[in-house]
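Enquirer: With the hints as extra help, turn the sequences into a complete structure.
Per the numbering used here, numbering through the sequence shown is continuous, rising by one, with the last residue being 242.
Just so you know, these hints were derived from the structure itself, not from any lab. Note that the Cβ used here is the ideal one computed from N, Cα and C, for glycine as well. There could be a bad hint or two in this list.
Per label pair, the in silico range of CB-to-CB distance [claimed, not checked]:
id, residue 1, residue 2, range
1, L13, F106, 23 to 31 Å
2, H58, T83, 28 to 36 Å
3, R17, G140, 24 to 32 Å
4, L218, F65, 24 to 32 Å
5, T241, R43, 24 to 32 Å
6, D120, P149, 39 to 47 Å
7, L13, G52, 44 to 52 Å
8, L133, A61, 32 to 40 Å
9, Y208, R114, 34 to 42 Å
10, L51, A85, 38 to 46 Å
11, L51, K88, 38 to 46 Å
12, G81, L51, 40 to 48 Å
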Amino acid sequence: MSKPSAGSRLGEHRFFFGMSIAILAVASLGFLRTYLLVPRLGLPEGELGFTPLVHLHAVMSFGWCVLFVVQSGLVITGRTKAHLKLGWMGLVLYALLVVSGPFVAIRSAARHGATPDELAFLAVSLGNILAYTLLFGAAIHFRKRPDVHKRLMLLGMVAMLTAPFGRLMDLPYHLNHVVGPGLVVVALAGWDHRSLRGLHPVTRYGGPAILFWELLPNAYMTREWWLSTARWMVNTFTG
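Expert: Below is the structure:
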């Protein structure tokens with residue numbers, strides 16, 4: 004794998020900025036009818052009203068996507084000092100996402116009656132939360148290694164994109180929650196091949212790992228041991 008030239012680095016900044024815009028667009032479109040336009044169009048059939056915790060989670064999630072765009076934009080315009088100073092906001096949002104994410108997922112399952120389907124899907128929700136917790140945490144740890152940092156950030160977005168992709172199209176689970184977000188991994192691999200003439204180590208190992216992680220819940224989400232565990236979590240953390 005060759006080192007990128009100055010021109011290639013500018014191209015890479017543009018690539019990640021473009022990806023951040025695309026991710027924000029997918030997140031917005033995915034939740035357009037089920038959240039953003041609800042005040043005007045009303046709740047879709049079968050949807051429950053929003054609690055303050057749901058609103059808080061929505062603000063944090065969209066805030067993270069917007070911050071990703073802003074930070075990528077600062078890099079592409081050469082304002083790296085501003086990028087570093089704004090990093091504190093990322094730390095705050097990261098902490099809030101990590102703390103609140105599991106409670107949002109568990110309380111959502113409870114509000115929908117903790118049915119076997121809801122308990123099974125909790126494996127997907129909690130799995131995604133764990134994935135982006137680890138990937139974003141690693142990205143923050145490697146913030147002084149831009150090539151590593153930006154790729155970990157992008158792969159962390161794969162876990163966050165499963166929810167909006169799942170709302171964009173009425174397709175089988177694998178297409179909504181794996182193939183859709185997996186396009187991010189494909190795009191990153193394509194960029195690495197073009198700019199580095201090979202895969203960056205984060206892409207080579209992290210890309211397949213996050214896609215495998217997205218598929219993993221299918222192996223156990225309907226098993227009795229998981230349903231019992233999920234039921235215990237719902238009973239314990241929702242009172």
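Enquirer: List, from low to high, the hint numbers that the structure doesn't satisfy.
Expert: 1, 8
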